[in-house]
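A.B. asks: Sequence:
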Amino acid sequence: LIAAGAGFAPMLSGRENVYVNGALLGLATEEIDSLIDEIVAFSELGEFIDLPVKNYSSGMYVRLGFAIAALSRPDILLMDEVLAVGDLNFQKKCFDYILKLKQEGTAIILVSHSPGAIWSVCDRGLFMDHGLVVVNGTAEDVVRAYDDQNSRNAVASNIQFNQAVAANLKKGGGLEALANEYGANLCGTNDVICHSLRVVSAETGLVVNEVEFQEPIILEIDMEVYQEIRDFVLRIVIDAVHYKNILTLDSYEQGYPMGTVSPGRYRFTVNVSNQNLRPGAYNFNIAVISKHVAAHLFLWLKCGDIIVLTPKNLFFYSEPLAVMHVPADFSYQKLS
Numbered sequence: 532l533i534a535a536g537a538g539f540a541p542m543l544s545g546r547e548n549v550y551v552n553g554a555l556l557g558l559a560t561e562e563i564d565s566l567i568d569e570i571v572a573f574s575e576l577g578e579f580i581d582l583p584v585k586n587y588s589s590g591m592y593v594r595l596g597f598a599i600a601a602l603s604r605p606d607i608l609l610m611d612e613v614l615a616v617g618d619l620n621f622q623k624k625c626f627d628y629i630l631k632l633k634q635e636g637t638a639i640i641l642v643s644h645s646p647g648a649i650w651s652v653c654d655r656g657l658f659m660d661h662g663l664v665v666v667n668g669t670a671e672d673v674v675r676a677y678d679d680q681n682s683r684n685a686v687a688s689n690i691q692f693n694q695a696v697a698a699n700l701k702k703g704g705g706l707e708a709l710a711n712e713y714g715a716n717l718c719g720t721n722d723v724i725c726h727s728l729r730v731v732s733a734e735t736g737l738v739v740n741e742v743e744f745q746e747p748i749i750l751e752i753d754m755e756v757y758q759e760i761r762d763f764v765l766r767i768v769i770d771a772v773h774y775k776n777i778l779t780l781d782s783y784e785q786g787y788p789m790g791t792v793s794p795g796r797y798r799f800t801v802n803v804s805n806q807n808l809r810p811g812a813y814n815f816n817i818a819v820i821s822k823h824v825a826a827h828l829f830l831w832l833k834c835g836d837i838i839v840l841t842p843k844n845l846f847f848y849s850e851p852l853a854v855m856h857v858p859a860d861f862s863y864q865k866l867s
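Using my numbering, the letters of the sequence shown map in sequence onto residues 532 to 867.
If you're looking for bench data, these hints aren't it; they were derived computationally from the structure.
Source: prediction; values computed, not measured.
Hints may contain errors.
[Said to hold, decoys possible] Each computed DSS-like pair below joins lysine-lysine, with the alpha-carbon atoms no more than 25 Å apart:
| id | residue 1 | residue 2 |
| --- | --- | --- |
| 1 | Lys633 | Lys623 |
| 2 | Lys775 | Lys822 |
| 3 | Lys833 | Lys822 |
| 4 | Lys833 | Lys775 |
Using the sequences provided together with the hints, build the complete structure.
C.D. replies: Structure below.
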């Protein structure tokens, strides 16, 4: 299964294409006769099986194509991303059948960008990038490497943005000029400028952009304040790839009132002793507000990134089910 509808004759009906594709797979007409009802039922096409496939949606193509290939009991089943366009219920149905074929001895070769599919189906895997083998190992090794590389790719554009902002600040550019160039990533008054945000490993004291799962970190933020700000509040908002504002570190809410901050250059330090971010890519947004005038935003700047690496001793679903890992104890007892 290389593409939805590959090998289908558009003017023929779905039923007629079952016979054509079955013949291409080496099945005799009698064998297809014995399978046709099962194929139609699995595809869930109903009365549409007798309509020309040129009128089928991509999902209908996939349903019929998978049903023909899988129910023909192949020795080797090769699938290249074809299930990505199916609905969730049909995807589950297909994967359940794939696992059944695997148990019966069919060799499964799955090409996919879905780590969850690799986890579910494969024992071993190849992670390839631009035609080169990055990892050849167990499904667990391959998924972990793929997730970590995706995290690195996700922050690459943010790093370029941060470098450009820093270069402009060194040239003396104000926030107004920077906001015109960078849009929603930067806004506020000209009263505060953030020069840098560094993520420091609490264990090594080194500046890092990758940390281990649950590794304590320290955020060092260098700022220039040009105007006295009463009831100064520093807020750090963390975004994930799929979610915005997943976590806020707020100096006032955490019980660290800063009072009035006078003009000058400052380094703010935030110790995060127990970060429970799930493996993935995250970026930091720095906000400076005043508790005294909560609606007054002195600064909003997207200015830092971090990658939380996938641990080797824990299992994580690769799909974006959530972003926080909360430790909990589980137990059970039989009631009857």
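A.B. asks: Holds or violated: are the alpha carbons of Lys833 and Lys822 at most 25 Å from each other?
C.D. replies: holds (21 Å)
A.B. asks: Has the given pair, Lys633 with Lys623, been kept, meaning a C-alpha gap of at most 25 Å?
C.D. replies: It holds: about 15 Å lies between the C-alpha atoms, which stays within 25 Å.
A.B. asks: Check whether the Cα positions of Lys775 and Lys822 lie no farther apart than 25 Å.
C.D. replies: Distance of about 23 Å is within 25 Å: holds.
A.B. asks: Is the Cα-Cα distance between Lys833 and Lys775 25 Å or less?
C.D. replies: Since the Cα atoms of Lys833 and Lys775 sit roughly 12 Å apart, the hinted pair holds (cutoff 25 Å).
Violation of the numbered hints given earlier is absent; every hint is satisfied by the structure.
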